[in-house]
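Participant: Take a look at the letters that make up each chain.
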Amino acid sequence: MTGWHAPDDLVTRYADDALPEPDAWSLEKHLEECGSCATRVSRAVRETAAGAVLVDVRTAVLAAAPVPAPARRVSNARLWSPRVFLPSSRPRLARVLWAAGPAVRGAWPAAVLLVALGAVALAHAGGFDGTRPLLLAVAPVVPVAGVALSYGAHADPLHEIVTATPSGGLRLVLTRTAAVLAVSLPLLTLAGLLLPASGAPGAAAWLLPGLALTSASLALGSYVGCRTATAVIAGGWLCAVPARALAAHGGHPTARLAEQLSRCLDGAPAQGAWAAAATLCVALLVARRATFDHGEQR
Amino acid sequence: MTGLRVRHRRTTALDGVDLAFGPGVHGLLGPNAAGKTSLIRVLATVAAPSDGRVEILGEDVGDHRRRGRVRGRLGYLPQEFGYYPGFTVREFVSYVAWLKEMPATATPAAVERAVARVGLTDRIDAKIRTLSGGMIRRVGIAQAVVNEPHILLFDEPTAGLDPEQRVEFRALLRRLGADATVIVSTHLVEDVAAACTEVTLVDAGQIAYRGTPGSLAALGGSEDGSGDSAIERGFMAALRAHRAPSAAREVSP
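Sequence order for the protein chains is S and V.
Using numbering that gives the first Met the number 0, the letters of the first sequence correspond one by one to residues 0 to 297.
Using numbering that gives the first Met the number 0, the letters of the second sequence correspond one by one to residues 0 to 252.
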């Protein structure tokens, strides 16, 4: 530049809006390139009547702009806006439900509760003494059904969007599965404890098979998608245990079911085999974790 | 921001496509089933290419960890936009912000900003199932922009919007394109003419034409082919030019 700077009287006249237009334009052109003159002009303008208006505008803009300040200040400010405050009053609960996924928010927990209460009611009010074997035969399939309703293009309307986020993939699958297990394991085991044994294995005997079937569904799901995998695994269990027991001859059906369940669930070898199967499926799932990174196509 | 480089070869839907996108609004134009959705899904990291390399924001998305980093800076509106009908607009957009791992303290303000951008502030606490189709689409746009993404992918975003909303959406596109790479797939030529800085014509899994809306219109300007506007005629001319050599190949064995 030439080294020219705006003389003080020019600056004052500009601030007072007393400068002819061509002179104002050439000064503005100079201000675009000269920081020190721009500072002087700003100071001069602030001292005029326009200064107060500028302060007001600045305050209004800052108040309207989102505050990147510490969290506490933001939430204090939000206290004054009831419309904004309402949904954030229960953010933790909302987050737990978000993590739990569609199954736990939907009709599935009600179905689990119905199975548990139904079994207890049938045993105590109805006097039917074969409820423990029935419950044990159905219980391992309940978390598998929960998984089917939790993840995949068919269960989650948001699947496509979820997959494109950093949370998508195996981590979300496991979070949702954990939520499903957290609801179904205690509820069904508790219900089993309240039922007469009637020759069936213990109320907790289904836990390892339940885990094994759930992890098998997920591992198989990495190949064929969640819906097909859960259908195959649940169908496989229902065919192998209750259906076979009911199709067999001799004795009362519930007695046959109890006997079949004892073969599958009772004793260290059976439980050890279920534990091994669960471990194997989890290992396979971890090995194939990258497949959950991409979306299922409907 | 680094641009976006895509090489994607020999899949069923896309065949040996090489593309690079920089900041601005890019229209992905083509007939139905041309491979637009396949391309968008690959760019959204939802589908893996069977061959080739995709690089977004300088990161190779074939790599698991890098893919996670890219996804945090991505916004995606799929063609079939699914939602939880029982959620309010605010809950839904917050949920997506949570999935995108935005800091919890910044989320409420970001959600309100995103909803304001699509003009739904007065319905922010309404349940999504009570909204009209066009409003639901706008909720979809809000969830895509909530994290101020560097890359925005819209698959047929103007479907279901009425003409007035389409005009508003195009203005939003232009604003978004000022500092992000916005890729919009559409089969509506007028969307591209009004909002895009660059056009990529996709046909039968291949790139048929690349240029600006102006150059596409110029292509059809001189001819008196089918189409109601210069750019529509340009679109038809570019498609014919692309199909002509392959048609000739099919005839001669």
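No wet-lab data here; the hints were simulated from the structure.
One or more hints might be untrue.
[Claimed, not checked] Not everything, but these chain S residues come out facing chain V in the computed CB check (under 10 angstroms):
1) D55
2) P156
3) E159
4) I160
5) T162
6) S166
7) L173
8) A177
9) A181
10) L279
11) A282
12) V285
13) A286
14) R288
15) Q296
[Stated by the list, open to error] Facing chain V, according to a computed beta carbon distance under 7 angstroms, are these residues of chain S, among others:
16) W97
17) L157
18) T164
19) P165
20) A267
21) A269
22) A289
23) T290
In this text, all values refer to a predicted model and were calculated from it rather than measured experimentally.
Note that CB positions come from ideal geometry on N, CA and C, so glycine has one too.
Participant: Determine for every hint whether it applies to the structure shown.
Facilitator: Status of each hint after checking the structure:
Hint status for D55/S: violated, given a least beta-carbon distance of 23 angstroms to chain V, over 10 angstroms. This hint holds: P156/S has a C-beta 3 angstroms from the nearest C-beta of chain V, less than the 10 angstroms allowed. This hint holds: E159/S has a C-beta 4 angstroms from the nearest C-beta of chain V, less than the 10 angstroms allowed. With 10 angstroms as the threshold, the beta carbon of I160/S comes within range of chain V, its nearest partner Cβ sitting at about 6 angstroms, so the hint holds.
A least Cβ separation of about 5 angstroms between T162/S and chain V falls short of the 10 angstroms threshold, and the interface hint therefore holds. Using the Cβ-Cβ criterion of 10 angstroms, the hint placing S166/S at the interface with chain V is satisfied: the shortest such distance is roughly 4 angstroms. Restraint check, L173/S versus chain V: the minimum CB separation of about 15 angstroms is more than 10 angstroms; hint violated. Hint status for A177/S: violated, given a least beta-carbon distance of 17 angstroms to chain V, over 10 angstroms.
The beta carbon of A181/S comes no nearer than 19 angstroms to any beta carbon in chain V, farther than 10 angstroms, and the hint placing it at the interface is violated. For L279/S, the shortest C-beta to C-beta distance to chain V is roughly 23 angstroms, which exceeds 10 angstroms, and the interface hint is violated. At about 18 angstroms, the closest approach between the beta carbon of A282/S and any beta carbon in chain V exceeds 10 angstroms, and the interface hint on this residue is violated. The beta carbon of V285/S is not positioned within 10 angstroms of any beta carbon in chain V (closest approach about 13 angstroms), and the interface hint is therefore violated.
Annotation: A286/S was flagged as interfacial toward chain V, and the flag is violated, the nearest CB pair being 13 angstroms apart, outside 10 angstroms. Annotation: R288/S was flagged as interfacial toward chain V, and the flag holds, the nearest CB pair being 8 angstroms apart, inside 10 angstroms. Because the smallest distance between the Cβ of Q296/S and any Cβ of chain V comes to about 8 angstroms, under 10 angstroms, the interface hint for this residue holds. The closest approach between the C-beta of W97/S and any C-beta of chain V is roughly 5 angstroms, which is under the 7 angstroms cut-off, so the hint is satisfied.
Here the hint on L157/S is kept, as its CB sits about 5 angstroms from the closest CB of chain V, short of 7 angstroms. For the restraint placing T164/S at the interface with chain V, the shortest Cβ-Cβ distance is roughly 4 angstroms, inside the 7 angstroms limit, so the hint holds. A hinted interface residue such as P165/S counts as satisfied when its beta carbon comes closer than 7 angstroms to some beta carbon of chain V; here the least separation is about 4 angstroms, so the hint holds. Interface restraint check for A267/S: the shortest CB-CB distance to chain V comes to about 39 angstroms, outside 7 angstroms, so the restraint is violated.
Using the Cβ-Cβ criterion of 7 angstroms, the hint placing A269/S at the interface with chain V is not satisfied: the shortest such distance is roughly 37 angstroms. Checking A289/S against chain V by beta carbon gives a least distance of about 6 angstroms; that is within 7 angstroms, so the hint holds. Look at T290/S: its Cβ only gets to about 9 angstroms from chain V, farther than 7 angstroms, so that hint breaks.
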